[in-house]
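Trainee: Note that the protein sequences, when read in sequence, are chains A and B.
For the first sequence, our numbering assigns the number 1 to the initial residue and increments by one for each residue that follows.
For the second sequence, our numbering assigns the number 1 to the initial residue and increments by one for each residue that follows.
To be clear, the hints were calculated from the coordinates, so they are not data collected in a lab.
Think of the CB as a built atom: it goes at the ideal place given N, C-alpha and C, for glycine as much as any other residue.
Take the hints with a grain of salt, since some may be wrong.
[Unchecked claim] Now the in silico label distances, taken between C-beta atoms and shown as ranges:
1. B:PRO132 x A:LEU408: 49 to 57 Å
2. A:LEU333 x B:LYS54: 19 to 27 Å
3. B:ASP144 x A:GLY401: 51 to 59 Å
4. B:MET120 x A:LEU408: 38 to 46 Å
5. A:LEU164 x B:ASN124: 56 to 64 Å
6. B:LYS35 x A:LEU408: 29 to 37 Å
7. B:ASP30 x A:GLY387: 49 to 57 Å
8. B:LEU110 x A:GLY401: 44 to 52 Å
9. B:LEU110 x A:ARG181: 41 to 49 Å
10. A:GLN264 x B:MET76: 49 to 57 Å
11. B:LYS92 x A:GLN158: 36 to 44 Å
12. B:VAL64 x A:LYS188: 50 to 58 Å
13. A:PHE329 x B:SER168: 55 to 63 Å
[As the list claims (entries may be wrong)] Subject to a maximum C-alpha distance of 35 Å in a straight line, what follows is the list of computed DSBU-like cross-link-like pairs (lysine-lysine):
14. B:LYS54 x A:LYS259
15. A:LYS259 x A:LYS398
16. B:LYS55 x A:LYS257
17. A:LYS317 x B:LYS82
18. B:LYS92 x A:LYS317
19. B:LYS92 x A:LYS152
20. B:LYS82 x B:LYS92
21. A:LYS259 x A:LYS188
22. B:LYS35 x B:LYS54
23. B:LYS157 x B:LYS35
24. B:LYS157 x A:LYS344
25. B:LYS55 x A:LYS414
26. A:LYS259 x A:LYS197
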Amino acid sequence: MKTLTTLIKPLLAVLGLSLAMVLGAGRLSAEDAPKAPVASHGDSHGEAKAAHGGGDHSHAGAAPSFARVFGHRYLTAYMFCLSLCMGSLFLIFIHHLFDASWSVPVRRVAEQLASLLFPWMAVLLIPILVLQKDIYPWLTIDPATDHALDVKKVLFNQKGFNVLLPALVLSWGLIAHTFRRWSLAQDKDGAAIWTRKSRVLAAGGIFYFALSLTLGCFYLMKSLQHQFFSTMYGVYYFAGSVWTTLVTVWVIVIWLKDKGTLAQVVHRRQIQDIGVWFFAFTVFYAYIHFSQYFLIWNAAIPEETFWYVRREHGAWKWVGFTILFGHFFVPFLTLLNQDVKLNKTIMLPMAAWAWLMHYVDMTFNVMPVCFPEGPEFSLLDPVLWFGMAGFLGFMFLKNFGSAAPYPLRDPRLKEAVTHHEIPAAGAVQSHH
Amino acid sequence: MNATGTRPHGILAEFDTTAGILDAAIRCRDAGYTKWDVYTPFPIHGMDDAMGVKKSMVGWFTFVGGVTGFTTGMTMIWFMNKFDYGLVVGGKPLFTPLFAFPVSYELTILLGAFATLFGMLFLNGLPRLHNPLLANARFKRASDDRFFICIESEDPKYSEEATRAFLSERCHANAVEIVEA
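Using the sequences plus the hints, can you model the full thing?
Mentor: Here is the structure:
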């Protein structure tokens, strides 16, 4: 019961914060309403227009249609959930690539999370495919009239989008399920060949992972403003994804440890190391996002700056600051102390905070296309976000119960479990 | 005091297995000794906890060094580019934390690293010209195939007879001997 309440508390915190945002945003949009939102598009788009001669068709000036707004809100929630799956897939890759032993007891959590890619993330992709013309303005533009689109039509064409995007999601699902299948096979026979096969898949797959994640992220999120250039965009999404995943895995592992499921195999070391990794990705995310911003700011090329100009306009500026402080400074300073990574009282609210910040980050990427003046929240946001994440969480629990909670016969399990264990006095067989 | 009238450095106990030294370390910790150390040819996992070593303070040196580096970077660039001799570069403002950031960040790392290194040396009382253990013939195997515990005579619980008996009987040391100062 105690663990349940510790889990519910951060959820309530998230709920409360979202509610506050919904209420706060209502006031905000009411204040901004009299100012003509149409006229203000000009400054950011004028630049893109001038550079390409094509013009930005992302809004015709009228308020965005319900389908578009809904599509974008849905996409925000989808990108958040995709983060957790892709981040988990990355944890499996890294585990096998480095022949790690410490992470054996927590690997099954990552395997089960990543396995949500198929069928669930593939199924959840369908609304995006159905609403594609509403969500992605470039799908309704003739490349002949838009230079920016014309030079990118190799990727940004309808056929490419409809074939490649589902193929990417399915391929991730296939990889995740392959890792999981081999891991479960090892539970039965304990053969080292499964570890070896996984390592080979990880060695080759990591390259595919990097490229396909970037491509998927270009299609799903970056193409909302197809004129934008940033080679760092994929890494940027990746950094935020792994960050969110690590804190999620931390929470799940702590919960399973307290519950007793992982009590025998998860020790201080695992908890500490996931926390350290989460800390590292706090810095990595900040480094990547700062670099993207800084390079664009420094070069000051209109094809790139318009993306941030739009995100510094109106209330979006404050969302940007929220990300700067909330996504980096707050977690960074909080996690600086070594002991914090083992402290549930700090880490559970931190997890709720990280989920919120990653959602804000996704909003920052997606929503300015619909709402140039600032975020306009609706109840749909928490409904879609909690709905999707809740559904996936339910499927995760269901899958998790269907297999052993950790790789039972992994060759490195013993090493992971006994390493750093401190014997009590007299417990060790002494010389003589 | 020993026969020659000088206070010895301490008592050295030799072990030949990692299990033996771990067990002995736990016993020394539980017996309440404070001025003692373990010497092994390679790191032994769990030794910190077995010895009851507290978390190092060195992180605070790192933190202060890092903060100093960051502030130095920001202040330096603000002073040079805006305050002392305003210089327009690439049409950018005279000062913004944006372009000052990479330099400040590097200085954070540099001064953080320096503070860590020198803080560690300071906390360990290094550099030190000599340690009486280095003159001990038996101790030479600490870098080869033996494990040692040395309880120093400065320890409040130190007593030549009791400590010696403790190490050989309770800790099952291979050999126990006095280390001259």
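Trainee: Confirm or reject each hint.
Mentor: Consistency of the hints with the structure:
Checking the proposed 49 to 57 Å range against PRO132 (chain B) and LEU408 (chain A) shows it holds: the Cβ atoms sit about 52 Å from each other. Look at LEU333 (chain A) against LYS54 (chain B): about 23 Å separates their beta carbons, and that is inside 19 to 27 Å. For the pair ASP144 (chain B) and GLY401 (chain A), the beta carbons lie near 53 Å from each other, so the given range of 51 to 59 Å is met. Between MET120 (chain B) and LEU408 (chain A) the beta carbons are some 42 Å apart, a value that agrees with the proposed interval 38 to 46 Å.
A beta carbon spacing of about 58 Å between LEU164 (chain A) and ASN124 (chain B) agrees with the range 56 to 64 Å that was offered as a hint. A hinted range of 29 to 37 Å for the beta carbons of LYS35 (chain B) and LEU408 (chain A) is inconsistent with their spacing of about 46 Å. The hinted range of 49 to 57 Å is satisfied by ASP30 (chain B) and GLY387 (chain A), whose Cβ atoms lie roughly 55 Å apart. Against the hinted window of 44 to 52 Å, the Cβ-Cβ separation of LEU110 (chain B) and GLY401 (chain A) comes to about 51 Å, which satisfies the hint.
Between LEU110 (chain B) and ARG181 (chain A) the beta carbon distance is about 48 Å. The supplied range of 41 to 49 Å therefore holds. Range check, GLN264 (chain A) to MET76 (chain B): Cβ separation about 54 Å, and the 49 to 57 Å hint holds. In this structure, LYS92 (chain B) and GLN158 (chain A) meet the distance hint of 36 to 44 Å, their C-beta atoms being roughly 41 Å apart. At about 54 Å, the beta-carbon gap between VAL64 (chain B) and LYS188 (chain A) stays in the expected band of 50 to 58 Å.
A hinted range of 55 to 63 Å holds for the C-beta pair PHE329 (chain A) and SER168 (chain B), which are about 56 Å apart. Between LYS54 (chain B) and LYS259 (chain A), the direct Cα distance comes to roughly 30 Å. Compliance with the 35 Å bound is thereby established for this hinted pair. A C-alpha spacing of about 16 Å is found between LYS259 (chain A) and LYS398 (chain A), which places the hinted pair at or below 35 Å, so the restraint holds. A threshold of 35 Å between alpha carbons decides the hint, and for LYS55 (chain B) with LYS257 (chain A) the separation of about 25 Å falls inside it, so the pair holds.
Annotation: proposed proximity of LYS317 (chain A) to LYS82 (chain B) holds, straight-line Cα distance about 25 Å (limit 35 Å). Our distance criterion of 35 Å between C-alpha atoms is met by LYS92 (chain B) and LYS317 (chain A), whose separation comes to about 20 Å. The suggested pairing of LYS92 (chain B) with LYS152 (chain A) holds, with an alpha-carbon distance near 31 Å, which does not exceed 35 Å. Between LYS82 (chain B) and LYS92 (chain B), the direct Cα distance comes to roughly 12 Å. Compliance with the 35 Å bound is thereby established for this hinted pair.
For the hint linking LYS259 (chain A) to LYS188 (chain A), the alpha-carbon distance of about 25 Å falls within 35 Å, and the restraint holds. With a C-alpha separation of about 14 Å, the suggested pair LYS35 (chain B) and LYS54 (chain B) falls inside the 35 Å cut-off, and the hint holds. At roughly 9 Å between alpha-carbon atoms, LYS157 (chain B) and LYS35 (chain B) fall within 35 Å of each other, so this suggested pair holds. Simply put, LYS157 (chain B) and LYS344 (chain A) have alpha-carbon atoms about 38 Å apart, too far for the 35 Å limit, and the pair is violated.
The hinted pair formed by LYS55 (chain B) and LYS414 (chain A) meets the criterion: a straight-line CA distance of about 27 Å does not exceed 35 Å. Taken as a hint, the LYS259 (chain A) and LYS197 (chain A) pair is honoured in the structure, with Cα atoms around 32 Å apart against an allowance of 35 Å.
In this structure, the hints that do not hold are numbers 6, 24, in rising order.
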